[in-house]
Amino acid sequence: MLLDVKNLEVTFALRSGPVQAIRNISFSLDRGERLGLVGESGAGKSVAGFSILNLISQPGFISGGEIFFEGKNLIKMSEKELNTIRGDRISMIFQDPMMTLNPVLTLGTQMTEIVRTHHKLSKKEARSLAIETLRQVHIPTPEKRIDQYPHELSGGMRQRVVIACALISKPALIIADEPTTALDVTIQAEIMDLLLELCESENMGLILITHDLSVVAQMTDRIAVMYAGKIVEIGKTQQVIRESQHPYTQGLLKALPQKRFIGKRLNQIDGSMPSLLSMPTGCSFHPRCPILDDRCRAERPSLQDCRLEGHQAACFKVEGK
Amino acid sequence: MKEAWLQFKSSFFLYSFLRDPVAIVSFLIFLVLVILSFLAPAIAPHDPYDLAAIDIMDAELPPVWMAEGENRFLLGTDGQGRDLYSTILYGMRTSIIIGILAVLLQAFLGICIGLIAGYFGGLVDNFLMRLADIQLSFSTLLVAIIIGALFQTAFGVEKYEDFSLILLIIIIGIAEWPQYARTMRASVLAERKKEYVEAARVIGLKSGRIMWRHIFPNALSPILVISTVQVANAVMSEAALSFLGLGMPITKPSLGALINAGFEYFISGIWWITAFPGFVLVILIFVINLLGDWVRDVLNPKLYKH
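Chain order of the listed sequences is A and B. Under this note's numbering, think of the first position of the first sequence as 1, with each following residue one higher. Under this note's numbering, think of the first position of the second sequence as 1001, with each following residue one higher.
With the rest of the complex left out, here is chain A (with noise of 0.2 Å):
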């Protein structure tokens, strides 16, 4: 098991009072295995994404929990201990190309620094490293481009330079948020294809973070779909997306454009999601839940098995065993 996340769970301290904006999460991820978290806008996802690297900035905090990677508990871990982890053994891309990227420093520059803060190289060993990994990315020229300044490439080819640089310590896991948002369509599945060929040929793991159904539908080994904080369905992708369980992934996939219904209105889900600071009580799905009964009001439901192994949902009404 390369990342064990168990009962994670990640509170605001704000001036109304502390917020759970995480609650009790678990989800596990193999050795190359890549997982999509996805779910609207504040569910949760890119706090989880960041509570990996122990980073959440102030006022949020890791309140519960343990986080496992390669068998240490990154909870638990000192700021230096961390230091060595991250970048080197896990990486992160994160959605706009544009800002990632320092203005004043050459590619070359921010690449070698990378490598060079985890591993004793030389200045000369770097470098060709850097230029190695920009070709790997598909960069054209790559000795030329590395002395560039990031404002004299176009936003594909920056992203190209940020997966890059997550790439070039060869780290064990890649935490992806939101990688495409910020790019056109066309560029999108190229760097989605590049992608996925990378951790392929690297056997590295992968965390989609995305509201994209479509994309992790094509990228990801499995999926799990938070809403409001929690996990309320997970399960292999095929599973989640052929025989989903909880009515909020139905609804999520109902509302995809569809071959089969051309001209047709999309369906939505009524209705947003509720804000951290007053949950309603049970199920937090159950104001826009179409098949709701009085039990969801009263009680929360955990996550149960599926029909499927390995298939899970947080809801009262799933077809069980």
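One or more of the hints may lead you astray.
[Stated by the list, open to error] Pair by pair, the computed Cβ-Cβ distance ranges are:
| no. | chain 1 | residue 1 | chain 2 | residue 2 | range |
| --- | --- | --- | --- | --- | --- |
| 1 | A | M98 | B | R1130 | 30 to 38 Å |
| 2 | B | W1005 | A | Y149 | 15 to 23 Å |
| 3 | A | D270 | B | W1212 | 47 to 55 Å |
| 4 | A | K259 | B | S1011 | 49 to 57 Å |
Since the hints were derived computationally from the structure, they do not count as laboratory data. The structure displayed is predicted, hence computed values, not measured ones. Just so it is clear, CB atoms sit at the ideal spot from N, CA and C, and this is done for glycine as well.
Given chain A, put chain B in place with the hints provided.
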């Protein structure tokens, strides 16, 4: 090296400089003043620091073009018989050295403090910024009196004359660092939120490295903008302190000390001792301020004048 020159040659900085006659003229005047003052030992006809060469019988001579003027003294002499032209050159050198070194000290203190305050935030920020507020509520004058008095009681008045240059740099440096600290903090606050800083934390860099290597260069341009104005202010502070007798001793006068020295003769019709150094001081500060305005326009993309 050659590449850097080519890059500079094609830069927007140079381009807009060559398009701005005000900037060119003020830069040329500034350059001439600086060159004159730093070449003072070579080009000045007399050495005002050499007490043996001064003759009290030459005192209070008017400039050449007036009836009693002598050819030896282009701009006349001061109350002790020193050639005013030479003394102004030497004095300007002192003023410029103090101005620039004091600004370097201010910038060093202010940048370090502002960077730390802006990056760490919270209590550290509060503490450092209140410190800056306290510092600002002391005027430069008060700092000068306190440090001057402390130094004089500790080491005696003779030592004070020897060390007055360094003391003035320290006084002006300490009195004005909050300007830099505030500017730095404000621009660090803006940079800190950007994703590249987050990315730097994600790759496991230490705080110091993130601060100096990633945030600092990005937060630098407002610092450059205020620097020119600060040099003018420092030269002016030095002149004001010297004028009040808290600065350079009369044996090694700066422009301010010269203005002060001439002030007592002013009423009796001997205007040149005060007027010429005053005129030079005004020109010096005026061109630095004009250059500062131009730098601000160039480095601030939000100010489009065209």
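Please check whether K259 of chain A and S1011 of chain B have a Cβ separation lying inside 49 to 57 Å.
With a Cβ separation near 55 Å, K259 of chain A and S1011 of chain B satisfy 49 to 57 Å, so the hint holds.
With respect to the beta-carbon atoms only, verify the hint that M98 of chain A and R1130 of chain B lie 30 to 38 Å apart.
Given about 37 Å between the Cβ atoms, the range holds.
If I claimed the Cβ atoms of W1005 of chain B and Y149 of chain A lie 15 to 23 Å apart, would that claim hold in this structure?
holds, 19 Å
Range hint 47 to 55 Å: satisfied by the CB atoms of D270 of chain A and W1212 of chain B?
holds, 52 Å
Checked against the numbered hints above, the structure breaks none of them.
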